[in-house]
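My request is simple: use the sequences and hints to build the entire structure.
Its first residue numbered 22, the sequence shown is counted upward by one per residue in the numbering used here.
The set of hints was computed from the structure by calculation and includes no laboratory data. Mixed in with the good hints there might be a few duds.
[As the list claims (entries may be wrong)] In silico lysine-lysine, BS3-like type, Cα no more than 30 Å apart, as pairs:
1) K87 / K76
2) K87 / K33
3) K104 / K121
4) K87 / K104
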Amino acid sequence: MSSGVKTVERNKKARHEYFIEDTLEAGVVLTGSEVKSVKDGKVSLDGTYCSLDRKGEMLMHGAYIKPYKQASHFNHEPRRSRKLLLKQRELEKWADAASKKGYTIVPLEVYVRDGWVKVKIGLAKGKDVRDKRQTVKERESERKLRDVKHAFNR
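Structure below.
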């Protein structure tokens, strides 16, 4: 078993589209071919979101996991919904928070920790156009400041 954490995929759009107010680590129910594809880095979180179903289980929708080439006809469906593993009290807390107007749950990153595939999910509140512009301005000003400091230290 490998030790440590290896980040496989980050949802870069999530931080641009939403204010992330809280994060949580969740396990994912995957088939064998999905685990192999994720460990190979063949996963995409674009357009992915999470929701609670009628049974009270958290599901991740829209994540793309490329079919594993060596799995032949035992392969998986690339965009199926996948169950997230959370404790009951965490599920209840996040369901309450996500039910408020303007909130949703989005996957932020997929990583492998000690051989187990994990997903970091975030409680997100949508940004409007002004907020997105402000975020871009702040990022650019920080980049310019960092470049000036770097040039000054030479």
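So which hints don't hold here, by number, going up? none
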